[in-house]
Structure formats: C-alpha cells, structure tokens
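Chains as they are written, first to last, in the numbering used here: chain D, 351 to 793; chain Y, 264 to 667.
Think of the hints as simulated: they come from the structure by calculation, not from any bench.
No experiment lies behind these values; they were computed from the predicted model shown.
Check the hints yourself; a few may be wrong.
Stated by the list, open to error - In silico DSSO-like pairs for lysine-lysine, Cα to Cα no more than 27 Å straight-line: (1) K386(Y) / K424(D); (2) K284(Y) / K672(D); (3) K530(Y) / K561(D); (4) K504(Y) / K308(Y); (5) K544(Y) / K420(D); (6) K325(Y) / K424(D); (7) K420(D) / K473(Y); (8) K425(D) / K386(Y); (9) K425(D) / K530(Y); (10) K634(D) / K662(D); (11) K404(Y) / K391(D); (12) K662(D) / K716(D); (13) K284(Y) / K561(D); (14) K343(Y) / K727(D); (15) K767(D) / K747(D); (16) K412(D) / K284(Y); (17) K325(Y) / K555(D); (18) K644(Y) / K420(D); (19) K387(D) / K425(Y); (20) K504(Y) / K424(D); (21) K424(D) / K473(Y); (22) K528(Y) / K425(Y); (23) K504(Y) / K680(D); (24) K530(Y) / K543(Y); (25) K544(Y) / K528(Y); (26) K691(D) / K719(D); (27) K655(D) / K645(D); (28) K420(D) / K325(Y); (29) K424(D) / K387(D); (30) K595(D) / K368(D); (31) K739(D) / K595(D); (32) K558(D) / K473(Y); (33) K424(D) / K558(D); (34) K325(Y) / K425(Y); (35) K308(Y) / K387(D).
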Amino acid sequence: MNYDERIRRAAVLGAAGKMGSGILLLTAAEMTDISLKPENKNKVFNLFAIDISEEALKGLRKYLAIQLLKIAEKKTVSLRQLYRDRPELIENEDIIRQYVDDAMSIINFSTRLESAYDAHIVFEAAVEDVDLKVNIIRQIKDNSNEAPWFLTNTSSIPIAELDEKAELDGRIVGFHFYNPPAVQRILEFVAPEGCNQDLLEFSLKLAKNMKKVVVQPGDFAGFIGNGFLMRDTLYGIAEAEELAKEIGFPQAVYIINRISNEFLVRPMGVFQLMDYVGIDVCQKIMLVMADRLDKPQLHSPLIDKLISQGIKGGQYADGSQKPGILNYEKGKPVKVYDPEKDAYVSIDSLQDECDAFIGPLPESHKPWKSVIRLPEKDVLLANYFGELKTMNQNGAKIALNYLENAKNIGLQLVDSKIARNAEDVNTVMMTGFFHAYGIINDY
Amino acid sequence: MAAGYNTVSFGTGRKEFNPRKPRPGIEHYISEAGQGSLKMLGGAKNVDEGVVGNFMASRFVKQAHLGAFMPFVDEGLRHKPSHRVEGACASGGLALVAGLRSVLADSADVVLALGVEVQNSVKAIYGADILAGAGWFQERKDGHAYFFPGNFSDRAGAYFEKHGREKSRKAFAHWYKQAVENARLCSTAQEYHNTNPDLVSLALTPPNPKFFTEHLNVFDCSKVSDGASAIGILSEEGLKKAGIPRSEAVEVVGWNLSVDNITEKPKDLTKLETVATAAKKAMNMAGITIEDLATIELHDCFTIAAVMILEALGFADPGKGGDLIINGDTSRDGRIPVNTTGGLIGWGHPTGATGVHQAVTIWEQLTGKAGDSQISIPDNKQYALSINMGGDDKTVVAIVYKKT
C-alpha cells in the first residue's frame, strides 16, 4: 500500500480535544491535497473524527471550517494549480471555498470507536492514561481487517510499552505534536526498536508534508519535551518552596515566576507554563515518568495539593487561560493562589516587596519578545548573561542557578540517551518552547 | 488645477492601522477629501460639477453609485451634476479628464474631481480577485492567484531575460528605498512611519513563487490602501469665482487619454507602449520635451513598472532604466525627481484615488506647498508630468502641468 492509498482512510481518536482537533485539521488538509492529485480523483477519502463528546464534535466543525479557510487562503497559489481542471472555479474565493468544502466532505464525525475499524492509519490523541490508550487501540486492532498503523500523540508513555500491551507487533510510532498542533512546528517522532519500517517511512513523509521540524528522541518516558519541562518545573517548585519559608508562599511563586520569565528571557515563567500545560496534565505525566524511569523524585506534593483543591489550570475552549496557581486577566497573571488559605492573593499587593527582593534587571536586558526576532541574539544574550554574573542581587543569583540547572537537565537528557545530542535538545527548546536560546549553552 | 487635498493613505505601515479593529468607511474618505478641497475652493457654491473616480467600491465595500455622494460631502452640491468614472487604477486620472473636458467644453467653470478607494475591507488574497477586474476576465482562470503581481512578474521575467536579472533586482531595491525615503517626508504617506535602517537589503529578499510570484516580492508591490484625494479643476473664470490667485494654481497645458485592447496580451512584455504613446501626445500638446520637466509622478504599481515607464518616457534606452534609479537620478535632488512623496509603493495606492493624488502632489510641488517633501523647481524647468495607468498598460492618462 503506497502513501496515497494508506492515508486514504484515517481516523483521529480524541478528535475534539485540544491536540486531537489540531491533528485532525492537519490530517484533513494533507488528505485533501492528496485527494486532489489527478490520479486520485475517483478515489474515496475518509477521515473519521472520533470523540466521546457529541457537543465537542459540534464545536470541532466550527473550528475546522475557520482553520481550513485560513489554510486555503495561505496556499491559494498552489491550490489554483490543483484545481486548474475545474473551469467553473475562477476566482481565488471560488477555489478557497471549494477547498474547504472538499476537506470538510472527507471528514466523518462520530462518537463511536467502531468508526475507526475501517481506517488504515489511526492517530491516537486520547487523554494521557496508559490503560485507556491501550484499551482503545486494542479494541480497534482486534476488530479491524486493515491491520491499521497507530500514531500516538502521547507525550510521556514509552511507545514500546503501548506496542507490547496492545500487542501491535511494531505497528505503532510516537507522533507527538506540540500545542497547538496547527501552529507549533516541532514534532517528536519516536520509533521504538522493532518498529515496522514501512510505518516509519510513512510517518516521516507525513511529518514532512505537514511541514514539521522532526526530532527523534529515544523511547523513554517523557521524551525530550516533557523530560525537560517536568524536571524544570519541579526545580521551580522546589526553589519557590525554599524561598517561601523566608518570604511567604504567594510571594515566592511570584518571584520565581518572574525570574524564570524575565531574567531567563523565556516566553513565560515556570508557573504560568505549568498552568498553560494544565496542572493535572503535569501530574499525570510526572506519574508516568516516575514509574517508567524509576525516579520517584519526579513528583510534587504541591501539585497533588493543588489538584485536591480543584486548582488545575489548562485552557477554556476559546484558548484563554483558566485559573491555576496564577490567575489571569487578558492573559496576564494578576493573582497568586495560596493553598493554605485556599484563596487568591492579588499580585499588586505583594509586587513592590517582591521586586525589591529580586533587585534590578541587568541594563542590557531586552524582553523575550524583542530578543527572539533579532538576528544577532546570541551575542546579545552572551553579553546579557555576562552582566547578570556580575550582579549580587537575589534575582540575578536565582536566575543563574536556574540557568545552570536547565543546562544540567539538558545534559542529562543526552547522557541518558533520551536525546541523541545537544542539538536535538536545543531544537525542542527553541522550536517547541519558543526559547530564545538552547538550554545547553555556554552562557 | 488648484485646491488639492489628500487624506492619509491608510493600511499596513501606518502605526494606527490594526486589521482587527474597525476602520473608517468609504464615506469618511469621500467626505474628508471633498470637504478639504471645497474649503480651498470657497465652498460648494463655487462648484458647478463633481466627478468621482473609483475602481471597485462595488466589490470592496459593496457600494456603487458614488456620484451621488457629492451632496453628502456638502449639501450645496445637491441637484448639481456629478458622476462616477472607472478605468481600473486610472480611474482617478479619468476623473481629472472628465473635469478637464467639462471645463474645456464650457459646461463648468469649477469641477471638484475626487478619487477614492477602500481596499482593506478584504484580505489581500480576495483583494487580488477584485483588482483582477482590471484585466480581461476570460484570462483570470489561467492567471496567478495574485493576478496583477503575476502579470508584472511575467514582465519582470521577460525584462530579466533581455537585460539581466541582478542589476534589475538591484534597481528595484533602490526604487523601494527611494519610495520609502520620500514617504518619510510626507505625513499622509502609508510608509511615513517606516524606520527600517536597511531598505535595500529588505527589498532584495528573494521572491518566493510558492506563496507569491516568481520574480517579484512584496516590496516590489504598491500598497493596499484606503484613501481619497480631491482637487479643483477651474477655468480662468473659475479661479476668479473661487478667489484663487493664479500663483496658487497649476496650469494644465497638455493631456492625453489612451487605451489599448484589454483582450490582447502585450506585444513586447518589456515595454509599456500605451504609456509611451499617451506621454508623447500629452507632451506634444504642451509643446515640451522631457528636458523641461521638474518632476514626475509616475504609476509605480510595481517596481518593474517604474523602470519601464522611465524607459517609455525616453529618460533611458531599453534596459537602462534601472541605472537611472541606482545612480540617484530619480531621487529628490537628482536629475529628474520622481514620486516625491513616495508614489504608489511609498505613499500608497488607493487605486481609484491615485490619479488625483498624483495631481495633488504636483500641484503642491509647483506651488511651493509640499512642506517637508518640497523639491526645488528650477527656473528652466517649469513643467511636471503625471502618468496614471489602468490595468497592464491598457488605460493611460498623462497630464502635463505648468507652474504659473
């Protein structure tokens, strides 16, 4: 079965979720492009969008219609070629609408897992729960006559484990998109030992067609992205807890968040990022990693406590941030949660005291937003971190320790073969986390 | 001509432009430019007739019948003649021609000529569909997604083949630099806020045919603009009636409107024959040569068009137009200053307004009203020329102005 034939019948499990909807969108666009090739004109293409929530599927239709329109508008130059044999489609607008119609017409929305039984390839984007993933994959495998290939979006579970538990005989790869899949260019591709070679080649071609930057981590829980993120988050939490003894918990959270954001020239602070990912998601991922890597220290009692108090972070359907350890107005943190009081404290009320504790930013500091665009950012950052080292204030000291710890995490990932090399680690950080610099650096 | 007025050319580049926020409608632009000009003409009572140049408001903002907006500009224009004229991007030029004809036919002493376009109402990819109306619709299907950039990219490709690519692209980049630098001196220009320190490098960005055209990049293109311009066309009698001294006006001493067959492709992609013909006839009518010109406003819808128009006017032999630009001959203190407020690439290109905007700019320069953009007008060069082009060299309005 060649690439075109293989992709002709696909399914996305968890299609209405945050990750699933993006994966569905990219797959729909890829399938539509393939279906428009002259040799495929008379073939039926079917993409099964499967989710347990009927309501979420309804929202998914709207999302797809809007996003497919944007995709079509961006590639109208090439679409005019694909539709050149359709004399009635003359203006860009005709062509763009037809493309959206064509893409929507290959998608079948369903709440029933049975719909995936006819698929040649199955994208799995269910919640990060091993048993659930194994169960649904196994159910499809057992009932399908197509010997389907599975591409799982797991961000933490070793692929070999899923392969073994679902008895797939090498018909599964890790195909881990970053959030949101339609925007984020990085893709962690995990091909465990014994993986089907045709599946491997197919997946790499698909990733290329989806314009992804592919990094291939080793098949270890958490891979590179979460391998870094979870350890970095735990470091941030530990720093805050230590500082809290001296200055109070909400103050410590504000301080560490600000330092890990501004002083480290990162797009957001460690606690904002934890809220963005979802505190409950972090908890699940840490659990998987602690078990699989035999590292019980990958665990945070603070996270357990927050979850027990109903503080979970994550995003609303419109993409805006839900309250987490921080609370937000117009996307900016304005309050910090105090687990002892089970209440939020306004940042305004503690900012002056905390900023005085932190001390000034180096004069050469430029915010992440402007640094990221500069072609000579390496020189600028070297100069900046150099200046930071000459400073004695708390903020500078905490930032430098943070920077070193992040580098050590990166080196550990390479040493333990989770990453092939430092370049892969830095690619994930810069492309997937939008960092202005790689964590393995000489600053 | 006298009493010129330009609104801001609004769109990307202006600090206050935000595509997600509501913007002024076409009524605002018609009203601002019309009233700006009327004020200088001594009020609507002095105006006998109105004419509106507009290309595609019927598609961009679903509004036709623009002639009837004149009484909206001023109650005093109620029940006076007014109509809208269209000739693609030469619609503004046609408004001037319509006004000139009325005055010359003695049916009016004062005509208010106004050009307007609002284009930011749709995304560029749909705007390209609308602007493609300036070509023959039967050719749309085979055309580029960005139809006119595609046409002029083909022209650029032919030009590169004949005269060399590298030098031509360099000339385009220098044209862009000149356009933006001139625009920085004019507060209504769309690129007025541009602070990029290295315009030539930016403009040398290699074209990407996957998302745009083969031979042109976005810096080779004029802007997508909302804006309007207005100017009074007056007889001697009209000047008296409006109380405008001759020194505040420019005299139209030659003009020409030429069209070519819209269903035919250009015979030679490297030449603009209609431009050459119209300019020659207008200058013959005025009894001048290019050596008499102090400044030119030319229709640089694309950088390649600027190069070809310079050649069509006779400033350079075929293939040598780019040298003029690279040498600085067309800069504000060069041999022949061209597009002194940035032209279509720097000032902006609200399509239906452009022909009128060119006349306003020349009126400002020849009457010493150009502010920071003012160039010196030598005693032995008292003339100026505007070239306004519709479609791909299909409708051309050339006008020769004389300092009074």
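Status of each hint after checking the structure:
{"no.": "1", "hint": "K386(Y) / K424(D)", "verdict": "11 Å, holds"}
{"no.": "2", "hint": "K284(Y) / K672(D)", "verdict": "26 Å, holds"}
{"no.": "3", "hint": "K530(Y) / K561(D)", "verdict": "42 Å, violated"}
{"no.": "4", "hint": "K504(Y) / K308(Y)", "verdict": "10 Å, holds"}
{"no.": "5", "hint": "K544(Y) / K420(D)", "verdict": "48 Å, violated"}
{"no.": "6", "hint": "K325(Y) / K424(D)", "verdict": "24 Å, holds"}
{"no.": "7", "hint": "K420(D) / K473(Y)", "verdict": "16 Å, holds"}
{"no.": "8", "hint": "K425(D) / K386(Y)", "verdict": "14 Å, holds"}
{"no.": "9", "hint": "K425(D) / K530(Y)", "verdict": "32 Å, violated"}
{"no.": "10", "hint": "K634(D) / K662(D)", "verdict": "12 Å, holds"}
{"no.": "11", "hint": "K404(Y) / K391(D)", "verdict": "20 Å, holds"}
{"no.": "12", "hint": "K662(D) / K716(D)", "verdict": "32 Å, violated"}
{"no.": "13", "hint": "K284(Y) / K561(D)", "verdict": "31 Å, violated"}
{"no.": "14", "hint": "K343(Y) / K727(D)", "verdict": "63 Å, violated"}
{"no.": "15", "hint": "K767(D) / K747(D)", "verdict": "31 Å, violated"}
{"no.": "16", "hint": "K412(D) / K284(Y)", "verdict": "23 Å, holds"}
{"no.": "17", "hint": "K325(Y) / K555(D)", "verdict": "45 Å, violated"}
{"no.": "18", "hint": "K644(Y) / K420(D)", "verdict": "53 Å, violated"}
{"no.": "19", "hint": "K387(D) / K425(Y)", "verdict": "36 Å, violated"}
{"no.": "20", "hint": "K504(Y) / K424(D)", "verdict": "55 Å, violated"}
{"no.": "21", "hint": "K424(D) / K473(Y)", "verdict": "10 Å, holds"}
{"no.": "22", "hint": "K528(Y) / K425(Y)", "verdict": "18 Å, holds"}
{"no.": "23", "hint": "K504(Y) / K680(D)", "verdict": "59 Å, violated"}
{"no.": "24", "hint": "K530(Y) / K543(Y)", "verdict": "19 Å, holds"}
{"no.": "25", "hint": "K544(Y) / K528(Y)", "verdict": "23 Å, holds"}
{"no.": "26", "hint": "K691(D) / K719(D)", "verdict": "35 Å, violated"}
{"no.": "27", "hint": "K655(D) / K645(D)", "verdict": "20 Å, holds"}
{"no.": "28", "hint": "K420(D) / K325(Y)", "verdict": "23 Å, holds"}
{"no.": "29", "hint": "K424(D) / K387(D)", "verdict": "19 Å, holds"}
{"no.": "30", "hint": "K595(D) / K368(D)", "verdict": "37 Å, violated"}
{"no.": "31", "hint": "K739(D) / K595(D)", "verdict": "26 Å, holds"}
{"no.": "32", "hint": "K558(D) / K473(Y)", "verdict": "16 Å, holds"}
{"no.": "33", "hint": "K424(D) / K558(D)", "verdict": "18 Å, holds"}
{"no.": "34", "hint": "K325(Y) / K425(Y)", "verdict": "43 Å, violated"}
{"no.": "35", "hint": "K308(Y) / K387(D)", "verdict": "65 Å, violated"}
In summary, the numbered hints that this structure violates are 3, 5, 9, 12, 13, 14, 15, 17, 18, 19, 20, 23, 26, 30, 34, 35.
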